[in-house]
Amino acid sequence: MKQFLIFTGKIVLLTILLTIVLDGFYTAMFIQSKNRGKIDQVYNSEAEKYDVIILGSSRANNHFVASMFEEKGLKTFNYGMSGSHLFETSLMLKLMIERKYQIKNVILEADLNLAGIKRSDGISCAFLPYIHNSKVVKEQFETQTDFNELYYIPFYRYIKYEAKIGFREMFFNAVHKRTSNLDNEGYYPLKGVENGNMKNNIVNLNPLPHNRYYEQIKKICKENNINLITVMTPMCENVVGMDYFDKVKKAYPEIHNYENAVVENKYFSSCGHMNDTGAKMFTARIIKDFFNK
Amino acid sequence: MFFNSLAFAVFLPVVFFLYWFVFNKTKNTQNALLIVASYYFYSCWDWRFLFLLVFSTFLDYYTGIQIEKGKSEGSRKFWFWLSIIVNLGFLGIFKYYNFFASSFSDLLSSVGVKASPILLNVILPVGISFYTFHGLSYVIDIYYKRIKAEYNFVDYSLFVSYFPLLVAGPIERATHLLPQVKVKREFDFEKAKEGVFQIVWGLVKKVVIADTCAAYANAIFDNYTAMNTFSLILGAIYFAFQIYGDFSGYSDIALGVSKLFGLDLLRNFNYPYFSRDIAEFWRRWHISLSSWFRDYLYIPLGGSKGGIWMKIRNTFIIFVVSGFWHGANWTYVAWGFINAIYFLPLLLSNRNRNNMDTIFLRWNFDSVKVILNILSTFLLTCVAWIFFRSKTITDAFLYLKRLFTNADFSFQYLENERYNYELLILTGLFVLVEWNNRNKEEPISGKRSLLRLTLAIAAILAFGIFSDYKEFIYFQF
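Heads up: the protein sequence lines correspond to chains L and P, in order. Residue numbers for the first sequence follow my numbering, beginning at 1 and rising by one. Residue numbers for the second sequence follow my numbering, beginning at 1 and rising by one.
Derived from the structure by calculation, the hints contain no laboratory data. Bear in mind the structure is a predicted one, so any value in this text is a computation, not a measurement. One thing to keep in mind: the hints can contain errors.
[Claimed, not checked] Result set (SDA-like, lysine to any residue): computed pairs, CA atoms no more than 25 Å apart in a straight line:
hint : chain 1 : residue 1 : chain 2 : residue 2
1    : L       : LYS10     : P       : PHE187
2    : L       : LYS10     : P       : GLY262
3    : P       : LYS447    : L       : ILE16
4    : P       : LYS191    : L       : THR8
5    : L       : LYS10     : P       : VAL14
6    : L       : LYS2      : P       : PHE463
7    : P       : LYS311    : P       : ILE287
8    : L       : LYS160    : P       : MET1
9    : L       : LYS164    : P       : PHE463
Using the sequences and the hints, build the whole thing.
In structure tokens, the structure reads:
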């Protein structure tokens, strides 16, 4: 029996050792990557200068045509991330500040995402490879209930989110296989209305009165002399509960309501996402209103 | 509580510790602990079905004794049939009643008679097909005087309820397991070590192979109308590896866990995808079920001894019943029927016992023939698996129709955000490892076992699917 207990102990030790080695290897592969997505690109850059940075969810990623800002002579990048919540958006801005970015304007899409403070697992996990190397990433996750497991158990984060940061993603990072995430200065154009779901019900959605992460973004911008332009972006015609945008305006008067800037369904790919034509119309309006001086 | 869950990772060491350090005085204390642990293990699914398990155990225990004690043939027959009817009755009610009721209603509807069948709102008790078959084999063996009835209720209960085999087999025989539980087990380091290796390899099969293949097989089968020929071929192959990894992985873990307690269970899989014909496949796949049906259904029906029609009848009965055992759906019946069609030519031409020897490959023409036979058997198996996996028989035929008519062999992007051809490399590696170790129960033991163990654990950690957790397929049977 003693022999077996020693044998079992060795297996446990071997497993722990393997988790440490694999953790170190995966992290090393992720840390050197800069062409897979927006997060690793920011992490691996330093002191970038931008006239305009666009932040938010897919409703920022698909709605702000960065090249139209560039045509105006404004160095711009769309850092909107599909599926992200304000947790990830604020962390992205914090990472930029940690990387000493000099930003003149931040356009923040804040509307539906004001209704919650939960992190988006699918997006936030892409920050996890940097949790031991970036103070802001660590601090952001410290508020989460699973912080101890994610931070202290080696390789746990890669096992838990293996679909997003597991072996395949690590391998693609290692071989520098590029994605289309960074094309078009971060803007991702959507196609026409074919098969689009043009219905949405947001009746039960209510903006939180003091969204923690939105307040953080405001604070960071103020401290770093960044002009923050917060906007609500358009939705299709058939939305039930459109008064949500009025509720946002009431709770956050500084947010500009552009929900009606584009209305016809033909400019939408799905109810919450404009197609490329709609996005161009909307971006033109934003440039006209904020950058035509 | 699944074998690949955190709860089981806690449960197993606790039971192991209590078994060898606290309750190791006599075989009675060892057995009592294993029964309590087994009942706890089973109640983790649904404690209410524990009563069913205890009732089934008591029924077979009692009827077994009455059959043995029976002075007249009539009395023996009475207790025998009571056990058979009640056991199969439970199985019929919980597993097949709704299926038969709705099928009958559909049949009436097809001839214009409207019927609203009374359906039962019950869930299938986990493992019922397995422990019912344990009990049935025990009672049948007593009736035919192959074994003596067990008078020690604790020992018999352990034979039926032993947690490693309780929910998905292997289907044990009283002749094999009962003698082992009747003696005190002494700790055997080599056996326990083998058990650990088998558990680790079972986990590789489950979380690395089966669950990864499942992600792709599901994406393809659930959207087969949008898939091209190449994806549909991959779908069938991935499902073949999913079900093999899933079920044989489970069996490996069950056998390995049992070895930790000093008990050997029947081997359930012997590298079935290296079979050279369908008859060999059925000697290597789910061995405990195949041999159960052979001994308790096929041979009593006359086996292959009668005339040609008798052989054909018995072959179809055993395969169709075997398919139906898996679940109350026509797809399983079709799967069994297809396997009967595959098997019949071999039986009728007396070639069903041709490939009984070990497979050896050399640089000659015979080896090419062996490889081609293995590949063609695998291909036939994959076609049958399409019926097993599809939701309906119509879906299976449409899947096959599209596979043969689409003729597009380009790579397709799947909804699960991954390119599926990468998985071919992983399954290829798996096949290579299994091929090189086909003469052993698992590939970790032997020379350089530390290196093999390290690679296996690394594979579980790095390639295992944990975010999209899947339970074992055979739990639903």
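Going through the hints against the structure:
no.: 1; hint: L:LYS10 to P:PHE187; result: holds (19 Å)
no.: 2; hint: L:LYS10 to P:GLY262; result: holds (21 Å)
no.: 3; hint: P:LYS447 to L:ILE16; result: holds (23 Å)
no.: 4; hint: P:LYS191 to L:THR8; result: holds (13 Å)
no.: 5; hint: L:LYS10 to P:VAL14; result: holds (19 Å)
no.: 6; hint: L:LYS2 to P:PHE463; result: violated (32 Å)
no.: 7; hint: P:LYS311 to P:ILE287; result: holds (21 Å)
no.: 8; hint: L:LYS160 to P:MET1; result: holds (19 Å)
no.: 9; hint: L:LYS164 to P:PHE463; result: holds (13 Å)
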